[in-house]
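Novice: Take the sequences, apply the hints, and build the full model.
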Amino acid sequence: MPTTTIDRGAYFTSLPQPYYLSPSLYEEELELIWGRQWLLAGHVSQIPAPGDFFTFEIARESLILIRGDDGEVHALYNVCRHRGFRICDPTQGGHMKRILCPYHAWQYGRDGELLHAPKHADGDPFAYADYGLHEAAVEVWQGFIFVHLSDDPLPSIGAELAAADESMGVLQPERMKIVKTIEYPCAANWKLLMENELECYHCAPSHPELCNTLSLAEMHAHHNEWGPDRPYFYSWMPLKNGAKSLTMDGETVVRKPFGEYAEGREVPEGFASGFLVQPTCTFAMFYVDHGITAKLIPNAVGEATLVGDWFVHEDAVEGVDYDLDELVGLWDITHRQDIELANRQQLGIASRKYAPGPDSKRYEPGIESALNLYLEMVGDVSGLLDLPG
Amino acid sequence: MPTTTIDRGAYFTSLPQPYYLSPSLYEEELELIWGRQWLLAGHVSQIPAPGDFFTFEIARESLILIRGDDGEVHALYNVCRHRGFRICDPTQGGHMKRILCPYHAWQYGRDGELLHAPKHADGDPFAYADYGLHEAAVEVWQGFIFVHLSDDPLPSIGAELAAADESMGVLQPERMKIVKTIEYPCAANWKLLMENELECYHCAPSHPELCNTLSLAEMHAHHNEWGPDRPYFYSWMPLKNGAKSLTMDGETVVRKPFGEYAEGREVPEGFASGFLVQPTCTFAMFYVDHGITAKLIPNAVGEATLVGDWFVHEDAVEGVDYDLDELVGLWDITHRQDIELANRQQLGIASRKYAPGPDSKRYEPGIESALNLYLEMVGDVSGLLDLPG
Amino acid sequence: MPTTTIDRGAYFTSLPQPYYLSPSLYEEELELIWGRQWLLAGHVSQIPAPGDFFTFEIARESLILIRGDDGEVHALYNVCRHRGFRICDPTQGGHMKRILCPYHAWQYGRDGELLHAPKHADGDPFAYADYGLHEAAVEVWQGFIFVHLSDDPLPSIGAELAAADESMGVLQPERMKIVKTIEYPCAANWKLLMENELECYHCAPSHPELCNTLSLAEMHAHHNEWGPDRPYFYSWMPLKNGAKSLTMDGETVVRKPFGEYAEGREVPEGFASGFLVQPTCTFAMFYVDHGITAKLIPNAVGEATLVGDWFVHEDAVEGVDYDLDELVGLWDITHRQDIELANRQQLGIASRKYAPGPDSKRYEPGIESALNLYLEMVGDVSGLLDLPG
Chain Z
636 MPTTTIDRGA
646 YFTSLPQPYY
656 LSPSLYEEEL
666 ELIWGRQWLL
676 AGHVSQIPAP
686 GDFFTFEIAR
696 ESLILIRGDD
706 GEVHALYNVC
716 RHRGFRICDP
726 TQGGHMKRIL
736 CPYHAWQYGR
746 DGELLHAPKH
756 ADGDPFAYAD
766 YGLHEAAVEV
776 WQGFIFVHLS
786 DDPLPSIGAE
796 LAAADESMGV
806 LQPERMKIVK
816 TIEYPCAANW
826 KLLMENELEC
836 YHCAPSHPEL
846 CNTLSLAEMH
856 AHHNEWGPDR
866 PYFYSWMPLK
876 NGAKSLTMDG
886 ETVVRKPFGE
896 YAEGREVPEG
906 FASGFLVQPT
916 CTFAMFYVDH
926 GITAKLIPNA
936 VGEATLVGDW
946 FVHEDAVEGV
956 DYDLDELVGL
966 WDITHRQDIE
976 LANRQQLGIA
986 SRKYAPGPDS
996 KRYEPGIESA
1006 LNLYLEMVGD
1016 VSGLLDLPG
Chain R
636 MPTTTIDRGA
646 YFTSLPQPYY
656 LSPSLYEEEL
666 ELIWGRQWLL
676 AGHVSQIPAP
686 GDFFTFEIAR
696 ESLILIRGDD
706 GEVHALYNVC
716 RHRGFRICDP
726 TQGGHMKRIL
736 CPYHAWQYGR
746 DGELLHAPKH
756 ADGDPFAYAD
766 YGLHEAAVEV
776 WQGFIFVHLS
786 DDPLPSIGAE
796 LAAADESMGV
806 LQPERMKIVK
816 TIEYPCAANW
826 KLLMENELEC
836 YHCAPSHPEL
846 CNTLSLAEMH
856 AHHNEWGPDR
866 PYFYSWMPLK
876 NGAKSLTMDG
886 ETVVRKPFGE
896 YAEGREVPEG
906 FASGFLVQPT
916 CTFAMFYVDH
926 GITAKLIPNA
936 VGEATLVGDW
946 FVHEDAVEGV
956 DYDLDELVGL
966 WDITHRQDIE
976 LANRQQLGIA
986 SRKYAPGPDS
996 KRYEPGIESA
1006 LNLYLEMVGD
1016 VSGLLDLPG
Chain G
636 MPTTTIDRGA
646 YFTSLPQPYY
656 LSPSLYEEEL
666 ELIWGRQWLL
676 AGHVSQIPAP
686 GDFFTFEIAR
696 ESLILIRGDD
706 GEVHALYNVC
716 RHRGFRICDP
726 TQGGHMKRIL
736 CPYHAWQYGR
746 DGELLHAPKH
756 ADGDPFAYAD
766 YGLHEAAVEV
776 WQGFIFVHLS
786 DDPLPSIGAE
796 LAAADESMGV
806 LQPERMKIVK
816 TIEYPCAANW
826 KLLMENELEC
836 YHCAPSHPEL
846 CNTLSLAEMH
856 AHHNEWGPDR
866 PYFYSWMPLK
876 NGAKSLTMDG
886 ETVVRKPFGE
896 YAEGREVPEG
906 FASGFLVQPT
916 CTFAMFYVDH
926 GITAKLIPNA
936 VGEATLVGDW
946 FVHEDAVEGV
956 DYDLDELVGL
966 WDITHRQDIE
976 LANRQQLGIA
986 SRKYAPGPDS
996 KRYEPGIESA
1006 LNLYLEMVGD
1016 VSGLLDLPG
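Residue numbers (the numbering used here), protein chains in the order written: chain Z, 636 to 1024; chain R, 636 to 1024; chain G, 636 to 1024.
FYI, nobody ran anything at the bench for these hints, they're computed from the structure.
We put the CB at the ideal spot given by N, CA and C, even for glycine.
Worth double-checking, as some hints may not be accurate.
Pairwise CB distance ranges, derived in the manner of DEER restraints [stated by the list, open to error]: (1) R/E770 with G/K812: 50 to 58 Å; (2) Z/L667 with G/K812: 51 to 59 Å; (3) R/A839 with Z/G729: 22 to 30 Å; (4) R/E953 with G/R695: 49 to 57 Å.
Specialist: Here it is as C-alpha cells:
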C-alpha cells in the first residue's frame, strides 16, 4: 500500500495518497481549512441597494449575502430557525423586502432579525430576539466581499491584503461589474487544483495560450519571493514585455479601462494587480481593462467546482466596448486545461505505485508554502488517513 | 458542530442534525422502523384471481404479492432459495401459473412451495419442503393489502384501524380500482417527508391549491385530537363548508360515487375518510367520488420515493365518468410541493448552524406524536449518530 | 440479519450476503485476488512495433502496455513519478516516440526510464535512475499479454496453461487480430459473474441461442473434470455433434480459418480450444474460424465491467471474409443475458431473507472450485464483513 508518511529528507514533495482520497480527512478540512479562512463570496456590484441579495454556497453551507437597511453587507446563514429550511434557492438572487421562508412563512428582516412567526403569536412563549438568522463574518475590501464561517474572529482581510491596496485602488474595483460567470466541475480533490494554481512549472507544456503574454521568468521569480507561509498574498501574473493585458495577444480586450486609467492616468508598463488566498485557492488577476476572479468550491473528497468571474468597468457595454467571447477566451481555455490536469492527476494518485516525487525547489516553491500552511492548519490527522471502502 | 442532543426543555422540536444525515442510523431504521410496521403494499383490485401478482419494493426488499390457489393474498420474498436470484422483475406484474426463477428454472407454486429444482432430481438429497419461498405477514383490511417484514407477529392492522371501518366500509373499497400511479423521487431523509405530512402549519404558505377546499381550522383541530403516540390512525382531511370532495374547486371529479353512495345513500355533509400510518408516513384520503393513497419508500439516508395512487369506482370509465388530469390534478401538485419542501429542508439541515427550533404546540402536535413514537421504536441510537465522511 | 457464516454441512453453497455487499472486503479483494493473479491485458497484435501502446485499466490501476525498443512488451504503471499524473489517457493508444507526461513534460523512454525532467536540470540533485516508471510483471503466452500487479513473482502463466499449448498453437494466435471490443457495464459484485461463468446449469433456461450449438452434456462433464482448485485452466466449450464453430447455427462465421487450418491441416471433429482464469473470471474460447476473450473488470463492490473481444485471422477482411454483426452475434447476446442475470441476483442477495441455498454437486462444481480458491486467497476476512451504512 502507498505510504501515509510525509518524508522530506531530500526534497519537498506533495502529499501522500490518503490526503487526496480520505473522506474523513475531507470532512475535517471543511472545518479546519474552509471554516477558518476568509472566502471570496462576491462583489459589491451584485448588491448595490438595500434588499439586493445573492447566495453563496460553500462547504455544505449557504449564505445569503444581502445589503441591509443599514447599507452594510450582511452574510446570513440560509437556514430558517424554525425547522432548518433553506430559505433562498441558490438559483435565486435579486431583491427582497423581507426574507420570507416559504415553508411556514417565518419572516426575517434584511439584517436577519425574526419579524414574524405565524401562529406562534397565538401564545407560544419564545422570544423573537433569540431566533434571528445566524450571521457569518463579512468584510468588504476594495469592493470584494469576503466571508468566513468561524465563530472566532479572524484578522481583517483588508489588513492582510494591504500591500495590494495601491494597485487595486487605482482600478476603483467598487466601480466594476461582473459580466460573465462560468462554473467548471472537477473530479479531483480540491488540493490538486490548489497545487496546480501555485506553480507555473506546468504553464509551458499545458497552457500555450496563456504563455503568449505571461512572463514565465517573472512568474517564477514572483513565486520565489513569497517567503513565509501565510494565507493571503498581494499577487499578480506578470506580463511579457510590450503586452498591455493578459489576453490571447497581449492587447486589451475592453476599450474602457478601469478607474483612474479611464480618467487619463498613465498606465505603467506591464501593469497588473491581484491577490491570492491559499490553501483555499482563490485568486484575482486584474489588468488595466479587465479582471478575473477564480474561486474553488469543494464538494466532496474527489469533487470540486471552480467558479470563474469576469470583470469590466461598470459602464462598459457589451458589443460596443468589448466582445464577450474575446473577453472570456483566455481564462476559459486556461481553466478548462487546469481542470483536465487535476482530473487526470486524481486518477494517477489512486495507484498503489503513487508516491510523491521531488518537487522543483525553484519552480514549485508555491506548493511548499501552501502545503506547509495546510499541514499547520489541519494539525495531526494521522487518524483520518483512511481510504474509501 | 451541531448538537446531537435532544433538548426539549422549553419547546418540542424536530430532531438534531445527525438523525437526518447518518447513514448508520438509516440502516438501523430499516430494521427497527420499516421492518416492524404494517406497510401498505397495494390493493386487492390489482390481483383479483389466483396467479395474479405484483411486486412491492421497500427497505431493500422485494415482495411478490400474489393471489394463491387458496384465494388468499400471499406476500412471498422475491428471492430464489437456490442462489438468491430476484425472481420477478419489479416492472413485471400480471398472471403466473407457477413462479419460475429465470436463472436456473427452479419452480415454485403460487403459495410459495418449491415444486421443482431441475437436475437436482438427479440425486441431491435435499427436501423440497425446506426450500419454499419465504413468506411475509400479510393482512387485507377493507381491500387494502398490508404487509410487514418482522419475524414476530404484529397486532392486526384491521383492529388498529377499526375506528375507520364504518366510514371506509360505506365506500366498499374492495370495489375500487387504481387508475393512476406516480412515483415522486425525493432528495431528502424520509423523516422530513413524515414531519411534513403531519402538520398543516405549512399548508397556507405552501399549498394554495389544497387550501381552496381543505378546512385548515378543522385540520388543526384533528391533529390536536390524536392523543397518544401510536402508529395507526383513523384520519381524514376535513373539507371546507359546502365542498363535496377534496379537489381544486370542491366539486367531485368522478361522476360515479363509491359504494353505498352509488346506490342512493345520502352523503353526509363534508364526508371524508382515510387512515394514516406513522412514522412511516403512509396515508389514505377518501371522498365520496375518489381517493388517494400515498406511500413513502426510503431508498437511502437522503433519498426516498413518494408513491401516489389514485382510486375510483371499479366501474368508472375514463373520459366518461372522469377526466384523468382533473382527477390527478390536486394531489399531483401537492405532492410535488411537498417533495420540493423536503429537498430544500434537507439542504438547510446540513448546515453547521442548524439546530431544531421551536415547534408550534398548537399547529405541529403531529410531529411530536410521530417523533415520540419514532424515538421509542429506535431506542438508544447515540452510537449511530455519525455523519458521512 | 442474514448470516455471515459459511455452513456447508450438507451442501456446497455460494457465499453469505456480506461477501457480495461489503465495501471493505471489496477493497481487500483488489489486493488479495486482483493484485495476485495473472490478468489478461490484451494481445500482441495491438502493439506490433516498438513504441506502439495501449492502456489497460483494472483495480484502480492503469498500465501502459508498450512494445519497447528492445522488442519486448513492457507494462508500465501509468503514473508520473513527479506528482502522480496519469500520463496516458485510457482513450489514447497508438504510437509514441517517448512517453511524455503532459503536465510538466517529464519524458520517459519506451522502457520506462526517466530521460528528462525539465528545469530540474537547473540544479536539483536527484538521480534520474531512481525515477523511472514503475513496471508490472508481464508475460506473453501464445500472443496473449498477461500482467500482474504483485511485487512478488508468480509462476509462469505459460507453464500454467501448458496443457492448452497444442490446440492453441495450431491456431497461431499471434497471427490473429481483434476486430471488435464491447464493454458491458454490470451492477453486480464481480463474484456473481464469476459464479455465473463457472456453471452451465443456467444455460438451458437462460441462453437458448448458445444452446443451439453448445453440447450441454459435455460441458457439464468438462466442469466435473476440473479437479483441484487452481486458478488457470485449459478450458473450452464443447460443440454439439456436427457443429463446426460456436455460432448461432453451428456454421463458421469467418471464411478464413486460423493458423494451420488455413494451410490445409484437417480440422478435428468438434475442434475447440481456450483457457479460463478463476476466480477473476477471464476466459478465452477459440474455434477454427474465430475466437473470443472475456475479461472481468471490477469497479466497485456492486459494479463491474465485462469486456468482450472478438478475434479473427489477421488477414481476414470485413465484408469479404466475415460479417461483423454475424461474428459478434452469439456472444453479444450471451454476455447481455449474463449481465442481466447478475444484476438481478445482486438485488436478491441484498434481502434479509437471502441465504445461500444448495448448489448442485453435479451441475455447479465449478463454483465450488472457484470459491474454495477464493476463500484460500482472501484468508480470514471475518473482520471485513460489514455492510454499507
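Novice: Look at each hint and say if it fits the structure.
Specialist: To see whether the hints hold, each was checked on the structure:
1. R/E770 with G/K812: 50 to 58 Å: 56 Å, holds
2. Z/L667 with G/K812: 51 to 59 Å: Given a distance of about 56 Å, which is inside 51 to 59 Å, the answer is holds.
3. R/A839 with Z/G729: 22 to 30 Å: 24 Å, holds
4. R/E953 with G/R695: 49 to 57 Å: 54 Å, holds
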